[in-house]
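S.K.: The numbering used here numbers the first residue of the sequence shown as 1 and each following residue consecutively.
Keep in mind the hints are simulated off the structure, nothing from the lab. A few of these clues could be false.
[Claimed, not checked] Pairs of lysine to any residue residues, derived as SDA-like cross-links and limited to a Cα-Cα distance of at most 20 Å, are as follows:
id : residue 1 : residue 2
1  : 114       : 164
2  : 84        : 208
3  : 84        : 172
4  : 57        : 36
5  : 84        : 249
6  : 140       : 75
7  : 162       : 180
8  : 191       : 180
9  : 191       : 208
10 : 19        : 57
11 : 19        : 47
12 : 84        : 19
13 : 84        : 102
14 : 19        : 114
15 : 162       : 172
16 : 14        : 228
17 : 114       : 99
18 : 134       : 168
19 : 57        : 46
20 : 19        : 168
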Amino acid sequence: MLIDNTVVYSQKYKVEIGKPGKNLYYFFDYDERSYSINMEFQHFHQFYEMCIFLDEKAGHLIDGVWYDMRCCDIVALRPTLLHKTEYPEGAPNKRLIIQFSIPPMISSFENCMKHIYSIFDGSCPIYRFDGPYKKAVLEKLNDIYYLSQNPNELTELAIHNKFLEFLSLIYLYRDKNIYSNHLDFDSITNKVYSITAYIHSHFTEDLSLESIAREFYISSYYLSHQFKRITGFTLTDYIQMTRISNAQTLLLSTDNPITDIAFRCGFSSFSQFNRAFNKFLHQSPSAFRRDARVQQSRSLLLTKFID
Numbered sequence: 001m002l003i004d005n006t007v008v009y010s011q012k013y014k015v016e017i018g019k020p021g022k023n024l025y026y027f028f029d030y031d032e033r034s035y036s037i038n039m040e041f042q043h044f045h046q047f048y049e050m051c052i053f054l055d056e057k058a059g060h061l062i063d064g065v066w067y068d069m070r071c072c073d074i075v076a077l078r079p080t081l082l083h084k085t086e087y088p089e090g091a092p093n094k095r096l097i098i099q100f101s102i103p104p105m106i107s108s109f110e111n112c113m114k115h116i117y118s119i120f121d122g123s124c125p126i127y128r129f130d131g132p133y134k135k136a137v138l139e140k141l142n143d144i145y146y147l148s149q150n151p152n153e154l155t156e157l158a159i160h161n162k163f164l165e166f167l168s169l170i171y172l173y174r175d176k177n178i179y180s181n182h183l184d185f186d187s188i189t190n191k192v193y194s195i196t197a198y199i200h201s202h203f204t205e206d207l208s209l210e211s212i213a214r215e216f217y218i219s220s221y222y223l224s225h226q227f228k229r230i231t232g233f234t235l236t237d238y239i240q241m242t243r244i245s246n247a248q249t250l251l252l253s254t255d256n257p258i259t260d261i262a263f264r265c266g267f268s269s270f271s272q273f274n275r276a277f278n279k280f281l282h283q284s285p286s287a288f289r290r291d292a293r294v295q296q297s298r299s300l301l302l303t304k305f306i307d
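Let the sequences and hints guide you as you build the complete structure.
M.R.: Right, dumping it as structure tokens:
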């Protein structure tokens with residue numbers, strides 16, 4: 001079926017090339033999601049992810065900033081970027097999720113790929129095109145869908161090339177992006193989401209309910225109650241979870257000592273970091289790093305046998 005006369009969609013349809021953790025990996029997931037499975041807190045991936053919304057309305061929270069989404073909006077998420085989707089109450093929402101990893105190109109194309117990947121590093125990670133630009137970009141996704149329907153010995157290469165064309169057009173048309181974030185929230189909700197964004201930008205600093213209340217000219221008592229009502233978390237827990245999520249990224253992507261990571265993420269002591277990590281993840285930071293590396297090693301070993 002066609003969504004908005006633009007995107008081909010088939011519920012529960014999936015296209016997969018390669019395996020997670022490999023240099024070349026693609027996963028296209030056409031499905032529905034509903035309000036009942038909204039994630040509790042923001043999460044991150046070690047791969048690139050794109051989300052194309054295919055229904056009337058939803059929201060995306062990225063590093064504490066709320067983005068209002070409409071049909072055919074494209075979300076471009078680089079690895080380790082904290083995010084979560086918020087689906088409205090009512091009927092399930094259609095969406096296409098694309099997870100991918102592209103191997104390094106030969107040196108002649110390195111600069112081209114740097115330009116393409118820059119679409120994931122802009123101040124606004126949402127792309128909304130109109131008219132012929134929208135049609136041209138989304139047609140590349142439709143080409144991938146149709147190629148996967150009739151596989152042959154060159155299908156994977158053809159899908160890879162079409163996806164590079166898709167990314168390239170987003171880059172070439174980036175100045176045609178008409179996305180504008182119109183929030184229909186009341187003033188206190190807008191302020192709370194301004195505060196969540198502030199926390200994600202300042203989590204390494206000494207933050208407290210009182211200091212943030214002063215920064216945003218609001219009483220600490222009122223902020224405490226409204227923050228919990230709107231986000232579902234106490235402000236203190238939100239600060240700690242933001243720090244823990246960023247610590248997870250460093251534990252997975254670096255060999256830095258755990259104590260250094262604790263202080264780098266805004267904790268005043270290692271014991272405070274360890275308590276918070278256990279509280280939210282139910283294991284120690286060292287166990288988290290060890291388990292993640294064991295899982296990665298097993299995955300790499302398995303793929304050697306599969307290949």
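S.K.: Checking each numbered hint in turn, tell me which of them this model violates, lowest number first.
M.R.: 2, 3, 7, 10, 12, 13, 14, 16, 19, 20
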